[in-house]
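With chain C fixed as given, assemble chain V onto it according to the hints.
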Amino acid sequence: MTATISTTSVTPIRRRRRSARLSPLLVAFVLVPFLVESIWVFWPALQGFWFSLTRWDGMSPPAFVGTDNYVELAGDATFRGALVNTVIWLVLFGGLSVLGGFGMALVLQKERRGVGFYRAALFTPVVFSLVVTALVWRVFYQPDGIADTLLRAVGLESLIRPWLADPQTALYAVILPALWRQIGYVMVLFLAGLKAIDPALHEAARMDGANSWQRLRHVTIPQLKGVNAVVLSVIVIDSLRSFDIVWSLTKGGPYHSSELLSTYMYSTAFQSLRLGYASAIAVVIFVLALAVILGYLVRAFREEA
Amino acid sequence: MNKLRTGAFHTGMILLSLLWLGPVLWVVVMSTRSFDDIAAHGVGSLPRSFTLDTYRQAWTDGGELRALINSMVVTVPSVLLSLGLAAMAAFALSRFRIPGRRTILLLMLAGNLLPPQILLIPVAKFSELTGLYDTLWALIAVQVGFGLGFYTFVLHGFMRDLPGEIQEAATIDGAGTAQIFTKVMLPLTRPALAALGALSFTWIFNDLLWAITVLRTDDNMPVTPALLGLQGQFVSSWNVIAAGTVIAAVPTVAVFLRFQRHFVSGLALGAVK
Numbered sequence: 001m002t003a004t005i006s007t008t009s010v011t012p013i014r015r016r017r018r019s020a021r022l023s024p025l026l027v028a029f030v031l032v033p034f035l036v037e038s039i040w041v042f043w044p045a046l047q048g049f050w051f052s053l054t055r056w057d058g059m060s061p062p063a064f065v066g067t068d069n070y071v072e073l074a075g076d077a078t079f080r081g082a083l084v085n086t087v088i089w090l091v092l093f094g095g096l097s098v099l100g101g102f103g104m105a106l107v108l109q110k111e112r113r114g115v116g117f118y119r120a121a122l123f124t125p126v127v128f129s130l131v132v133t134a135l136v137w138r139v140f141y142q143p144d145g146i147a148d149t150l151l152r153a154v155g156l157e158s159l160i161r162p163w164l165a166d167p168q169t170a171l172y173a174v175i176l177p178a179l180w181r182q183i184g185y186v187m188v189l190f191l192a193g194l195k196a197i198d199p200a201l202h203e204a205a206r207m208d209g210a211n212s213w214q215r216l217r218h219v220t221i222p223q224l225k226g227v228n229a230v231v232l233s234v235i236v237i238d239s240l241r242s243f244d245i246v247w248s249l250t251k252g253g254p255y256h257s258s259e260l261l262s263t264y265m266y267s268t269a270f271q272s273l274r275l276g277y278a279s280a281i282a283v284v285i286f287v288l289a290l291a292v293i294l295g296y297l298v299r300a301f302r303e304e305a
Numbered sequence: 001m002n003k004l005r006t007g008a009f010h011t012g013m014i015l016l017s018l019l020w021l022g023p024v025l026w027v028v029v030m031s032t033r034s035f036d037d038i039a040a041h042g043v044g045s046l047p048r049s050f051t052l053d054t055y056r057q058a059w060t061d062g063g064e065l066r067a068l069i070n071s072m073v074v075t076v077p078s079v080l081l082s083l084g085l086a087a088m089a090a091f092a093l094s095r096f097r098i099p100g101r102r103t104i105l106l107l108m109l110a111g112n113l114l115p116p117q118i119l120l121i122p123v124a125k126f127s128e129l130t131g132l133y134d135t136l137w138a139l140i141a142v143q144v145g146f147g148l149g150f151y152t153f154v155l156h157g158f159m160r161d162l163p164g165e166i167q168e169a170a171t172i173d174g175a176g177t178a179q180i181f182t183k184v185m186l187p188l189t190r191p192a193l194a195a196l197g198a199l200s201f202t203w204i205f206n207d208l209l210w211a212i213t214v215l216r217t218d219d220n221m222p223v224t225p226a227l228l229g230l231q232g233q234f235v236s237s238w239n240v241i242a243a244g245t246v247i248a249a250v251p252t253v254a255v256f257l258r259f260q261r262h263f264v265s266g267l268a269l270g271a272v273k
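Chains as they are written, first to last, in this note's numbering: chain C, 1 to 305; chain V, 1 to 273.
Derived from the structure by calculation, the hints contain no laboratory data. Please note that the accuracy of each hint is not assured.
[To be verified] Calculated pairs, DSSO-like style, for lysine-lysine (alpha carbon to alpha carbon, straight line, at most 27 Å):
1) C:K110 <-> C:K195
2) C:K110 <-> V:K125
3) C:K225 <-> C:K110
4) C:K225 <-> C:K195
5) C:K251 <-> V:K125
6) V:K3 <-> C:K195
Chain C on its own, in the form it takes in the complex:
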């Protein structure tokens, strides 16, 4: 932070947009928000890394243990399970929401009768909290709930199981509501991107005899490059952050079968009170997110240039 104060007089015409005068007010405009973020984000983040090198129960002061926590993580079966589940989550939740969202955006991009309603329908869950989403779907999964009733109606009783309480199905039963809520969101991002494509490009491709698949492959998708990058970052970051929906539906159970790194971190920290160990899990989440964060920042940096 090196905002200097100078009082050069303004020469508006030559220096478009920016005057060189840096009043104390301007310095405060930058410093105050920056300090607020420093107190609640930057400083805690640095502390988080430090805590991951300690053993700490929250009462007595943290004791430095070097990389012990990371060594323990390597041999922790629950952690490994949570890591695998997080990858499954990333692939299924991330992949399917991109495919579904993009597909829906393609189908609903052209203005025609009814499209507004369909878009609104798919978008509705986006405004709900994940806890609301979870409770809606809990009804669906209840014994004798909608899922079971539907299966009975088509004669597939044999498939019925306690969806959220069966370690075999719990993770997937949690992904489904998360997808239900995310697809509408991704669709809106792609709709905005599709709208920004110059229709003349499609027109030219059509003149050259390209069929609709070729136009999708060679016009639409390349034109969406910027949107794709944003969607990808959003999806990866969202996946790694996913917590609410799992916490509301299964708390990571049964037997850690739907445990993600985020829920394991939370229960280790605030239920087992192993704050040092939980910090190490948080650092792992951070490292996994790092590549995407950096990619996003590089893009942002180029834009600002």
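Below, chain V alone, put in the same frame as chain C:
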């Protein structure tokens, strides 16, 4: 042929819409069923009763009223404060040659991209240290701090693209920095502010993780975490839980309907560039 395709399109989309709206409608309907009805016929059956007493139970016995007040006490100041601070930073960084402005901006954005998990323990400890733990102040503070980076980044992009002549004209007319900010820039930034306002309202209102990290007492919980408590309190009263769910969803749905255009353009803000 064309007619056939239109028919297939609408049939498919109506089925899909039903898949999306069905579960929601189901919960709304279930919130009006009586306990005996659900106990006798299960949550998967069609309604055979009608009552609104469930809403009274969720509202008063379940503490949803208290929780909604908490939510508003947190959400409204958080939105105003974070957008206000972000607008200040964005204004200074986009319209003036502040040394290192690009680094500052990206650093602030980077803070928002961090997985919150890395912050949870330090933030909980820091709020204990400052005596803010288990108060709504802590939640407001962390919501403002964590959201700032993203709002600043978006507003910066918006303000940077405003024509410079307006600011110059105001400067020639003798307006100071503060006046240019409040009288010229803020009004011009209104579309972006409205979009971010609608978005941040739902984000903060819907938050679970920060609330259960810095709050402990049930009476202090906003409506999103309180909904999980309600589930524990009314274990098998699915109708009351459904009523509580509807109550918790109404404010964000209302904001969305009121600011629909802003909301969607807000989501798209980052996407098209």
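Of the numbered hints stated earlier in the document, which are not met by this structure? 2
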